[in-house]
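Residue numbers (the working numbering), protein chains in the order written: chain A, 1 to 325; chain B, 1001 to 1301; chain C, 2001 to 2406.
These aren't lab readings, by the way, just hints derived from the structure by calculation. Yeah, the Cβ is synthetic: ideal placement off N, Cα and C, and Gly gets one too. One thing to keep in mind: the hints can contain errors.
[To be verified] Here are some, though not all, of the chain A residues that point toward chain B, as calculated from beta-carbon distances under 10 Å:
hint, residue
1, Val132
2, Val248
3, Ile282
4, Val286
[Claimed, not checked] Reference listing, derived: stretches of chain A covered by chain B, where coverage requires no fewer than 3 residues with Cβ under 8 Å from a Cβ of chain B:
hint, region
5, 117–128
6, 263–275
7, 290–298
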Amino acid sequence: MTGTRRTAALGLALTVAVTLVLWSVPGRVDRNTQDLLLNLLIWIGVAQAWNIIGGIGGQLSLGHSVFIGAGGYTSAMLLLKTDLGWPVALVGAGLVSAALAWVVAFPLLRLSGVAFTIGSSALALAALAWMVTWTWTGESRGLTVPLDAVPDREAKFRLIAVLAVLTCVVAVLVLRSSFGLRLMAVRDDERAAAALGVPAEVVKRRAFLLSAGLTGLVGAAVSLNQVYIEPNSMFGLTWVVTALVMVVVGGSGTAEGPVLGAFVIYYLVNRSLEDQPMVQAILSGVLVIVVIVVAPRGIAGLLRSGVAWIRGRRTAPRTMAEAST
Amino acid sequence: MSAEALLNGALLGGLYALVALGLSLVFGIMRVVNLAHGLLVLLGAYAAVLVTDRIPVDPLLAFVIVGPALFALAAAVQRLLLQRLTGHSAEAPLVATFGLLLLGQGTLTYAFGTSPRSLDAGWAQQSVSFAGMTVQSANLVGFLLACAVVTGTQLLLTRTRFGTALRASAADPATAGMLGINIPLMHALTFGAAAAIAALAGIVYGSAFSVDPNGGLPLLVLGFTVVVMGGVGDVPGTLVGGVLVGVVAAAVGGLVGPVYSPIAINLLLLALLLVRPQGLGLRLPARRQRPAVSDREVVAA
Amino acid sequence: MPRSTSALAAAATLVLASAALSACGSSSDASDSGDLVLGASLPLTGPLGVFGPPIQAGYEQAVDAINADGGVEIDGESYQLELVVKDNKSDPTVVTSTTKSLVSEEEAVALLGSVTPPMTIPFSVVAEQEQVPAVSPLTPTLAWLAGNESGWNYAFDVFVDEEEQTAVNFQASDLVDTNKKVALFTDTGEDGKAMGALWEAQAAGFGYEVVYRAEFPVGTTDFSQFVQEAQAAEAEVMIAQVIPPDAAALWKQMKALGYAPKTAWAEKGGTVGFPQAAGPAADGAMTFGWWSPDNGNVGGQELYEANKAEYGDGLANQAVISAYAMVEILADALERAGSTDPDDLAQAIADTEDLDTVWAPITFGEDNRAIIPPTAVQWQGDSQVTVWPADQATGDLQAPPPGLAK
Chain A
1 MTGTRRTAAL GLALTVAVTL VLWSVPGRVD RNTQDLLLNL LIWIGVAQAW NIIGGIGGQL
61 SLGHSVFIGA GGYTSAMLLL KTDLGWPVAL VGAGLVSAAL AWVVAFPLLR LSGVAFTIGS
121 SALALAALAW MVTWTWTGES RGLTVPLDAV PDREAKFRLI AVLAVLTCVV AVLVLRSSFG
181 LRLMAVRDDE RAAAALGVPA EVVKRRAFLL SAGLTGLVGA AVSLNQVYIE PNSMFGLTWV
241 VTALVMVVVG GSGTAEGPVL GAFVIYYLVN RSLEDQPMVQ AILSGVLVIV VIVVAPRGIA
301 GLLRSGVAWI RGRRTAPRTM AEAST
Chain B
1001 MSAEALLNGA LLGGLYALVA LGLSLVFGIM RVVNLAHGLL VLLGAYAAVL VTDRIPVDPL
1061 LAFVIVGPAL FALAAAVQRL LLQRLTGHSA EAPLVATFGL LLLGQGTLTY AFGTSPRSLD
1121 AGWAQQSVSF AGMTVQSANL VGFLLACAVV TGTQLLLTRT RFGTALRASA ADPATAGMLG
1181 INIPLMHALT FGAAAAIAAL AGIVYGSAFS VDPNGGLPLL VLGFTVVVMG GVGDVPGTLV
1241 GGVLVGVVAA AVGGLVGPVY SPIAINLLLL ALLLVRPQGL GLRLPARRQR PAVSDREVVA
1301 A
Chain C
2001 MPRSTSALAA AATLVLASAA LSACGSSSDA SDSGDLVLGA SLPLTGPLGV FGPPIQAGYE
2061 QAVDAINADG GVEIDGESYQ LELVVKDNKS DPTVVTSTTK SLVSEEEAVA LLGSVTPPMT
2121 IPFSVVAEQE QVPAVSPLTP TLAWLAGNES GWNYAFDVFV DEEEQTAVNF QASDLVDTNK
2181 KVALFTDTGE DGKAMGALWE AQAAGFGYEV VYRAEFPVGT TDFSQFVQEA QAAEAEVMIA
2241 QVIPPDAAAL WKQMKALGYA PKTAWAEKGG TVGFPQAAGP AADGAMTFGW WSPDNGNVGG
2301 QELYEANKAE YGDGLANQAV ISAYAMVEIL ADALERAGST DPDDLAQAIA DTEDLDTVWA
2361 PITFGEDNRA IIPPTAVQWQ GDSQVTVWPA DQATGDLQAP PPGLAK
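So here's chain A without its partners, still in its complex pose (with noise of 0.2 Å):
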């Protein structure tokens, strides 16, 4: 009793630091270092996000570029049209993506394993058809957000950080719950899942809800950012395709994964070689190979791996060993 609530008082305080140190962030490094760790936070926000349904859950969705997208449509469309303020604007966004993830869940979670992945794909290629049409939205043309309803430039660093912080710690909680530990059960194995009496399609819905309604509140942070949106970068699947590279290059189902996936995806690849373009496509590629056959379980695999031999193990704990200790 005492170690678990030592442990979550020390998560607990662990959050709190990374959030004071990030919020200290604004006014203390250059404007450009800000940017930077702007852009991963939201990286990190999207892929942990991601995380929860593809890597815990392990049903790789190919389809949250609609959740981004209906995010930042959301949040774009209610700073348009209304005087609510982007606090409203971006609870509104979760809200609709996580009411969008309930409607969509009852086609796309009758699917699993491949089938899932193409179902989902199909969805988030007919969402992307139709919003190129949609007048509504502004079709194709896509939609300016009002200068003046967006956040200066600390607000809105503190709000992703806020936000990317959020999502690593909705993602550990799901790691250490019993939840995560019927969702793993149910990744691990469906079957054997269903027979020990774990409601598979309720438990995968959970995690599809909690995974799209954060992952739309990263996308309203998305359109604050960018101000100007339009169909292709946001429901395109750059997104959800970036997201899952990063998720498995760091290490799929950890917490940590996502982050160095990451970092090393955004911050490594895209971020240091954007003025050489081939070297960047050539040498992304290359990466997300090596990785793979060096660290078939990630860069988190890998670590734990290493930490579990300095400790004199032969072998790293597997996952869900390790989770149920």
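Fit chains B and C to the supplied structure of chain A, relying on the hints for placement.
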């Protein structure tokens, strides 16, 4: 919308089937979702561009060089890269092929620039008229080639010892391995053959339309659509799926407007997945790490 | 306590990553050298990748030429220009992040833009937010204007006015005798929608009638039934506004089905490299152009000739010229402003009047647009020949287009 439009769409479905067949084979036999499949189609077209730039022959003849070259390349990639990753997790080969897609896309951009390129084939810029209907000869050529390749592949799989061994290695790799079937060899041959078929699709595609380095993902999505509609690992089903996609796109395009074709196709795909997920063969959760009993009848027997 | 490992690890990574970024991300030597940095965010890869390299070449050549000439003189002191180019992958999201890093990391005193509203609007939005002057070539000005309802202050756009541009298709089609029936093939892109509406609105004023219009999603390959319908409607003027791969497919299918209108326009898709994309069918395809030897430019012809080997005789080369002129505009404004203060510089750009450039005389209006008169060009072999207006023509219109008629 006319019967002519539907016929054109149906014939174009042959090309779609050619694009999808390799994807279906690789998933059906190797359980690998090859995200670089669209790239293989592009590589076929670009390789044919290189050949026809030097030797002025019909692009289809260039397949004599391009087909074996892509076969060898793909078989090598399978043996040296993907083979190492099988057994770790379903995501590992998936992500590796995504890396290949990025790598290939970058290399093609570097070598050919981002402007589209196309193959100049006489048969791709003519049309044929019969029974009062005019269809493009490119679509007809694609359809006939698809029929030939689909029939050939099906016969190979069902009527030869090699095909039996291949199906056995797909259904139960462990047992097949114990019976002396060289699984890695089987997989390398499958991947190579899938690439060669993709190259043929690329040549027809590049002749009828054009290719650009960013086309890998759209072609992959097209392939998935066709595969799911026809049934994974179901070789003749690929042709059915291709024709279905072509006809639906043409019909929706003619009746409602081409803007609504992609919406209709994707919703139809989702509906089909829901209504007949078992019948379409997509019964394996991607996460499954050990072969289960139900894997046995995946490849059409 | 193995259960807390993941939380610890996640937090540790976050902190370490932040620390690593703070440590290595901040050093930038650009400002130390005393050079004035011009930052460009260009589509070097991705679907718009054909436009990036010629624009980059124009910026580079202009910067080199100005530096060789002693640089820019500000308040009695000479400064060299330094160009920093970042690839935005033709993705509006990346446009935003690269443009921000041009301002914050490279400390650019001014920004240089690229093509199309989806690239230039987010680019200009960053310029407004960061309050750094920015000029863009090759982005239709009305669509750009509509991208910010509150009006642009730091961002400027130099290109054609769409109402004049869409008129060109009819004015140049008047060069040949047609039945004045028009078929429109437009895509769902922002420009496809906007131009499509303008063509429909303007046709009657020029004595034309739109008899057929089809709208396509980006990425369409099968155009056959729509080509057949345009053919059945007897449209002798055909205007398409689709992306390059789609235009290639469309032209091949027009040829296969024997549809040879008197004038066939491949706007957007046929701008650069169309003969490689569509093969022999491309011969005779037309688009609007934005430069000609006799449009009142100063020094443009020389630059055009110098770039012929690399960028050919056509719109890619015209894009080099447009980009070159952006740097000329900035250099002139910097000297007049007498400082690099963003507000002074923006004001100086806005005050630009009748400035001689390699592109055309440049004057900015109240709305921060400088309007360039459009021309009509036609693919003849591997060159694009200016065929309209008559006093600027470098060749005669070939009608019907040989690639489709043969």
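Here is what the structure says about each hint:
no.: 1; hint: Val132; in the structure: holds, 8 Å
no.: 2; hint: Val248; in the structure: holds, 5 Å
no.: 3; hint: Ile282; in the structure: holds, 4 Å
no.: 4; hint: Val286; in the structure: holds, 6 Å
no.: 5; hint: 117–128; in the structure: holds (count 8)
no.: 6; hint: 263–275; in the structure: violated (count 0)
no.: 7; hint: 290–298; in the structure: holds (count 4)
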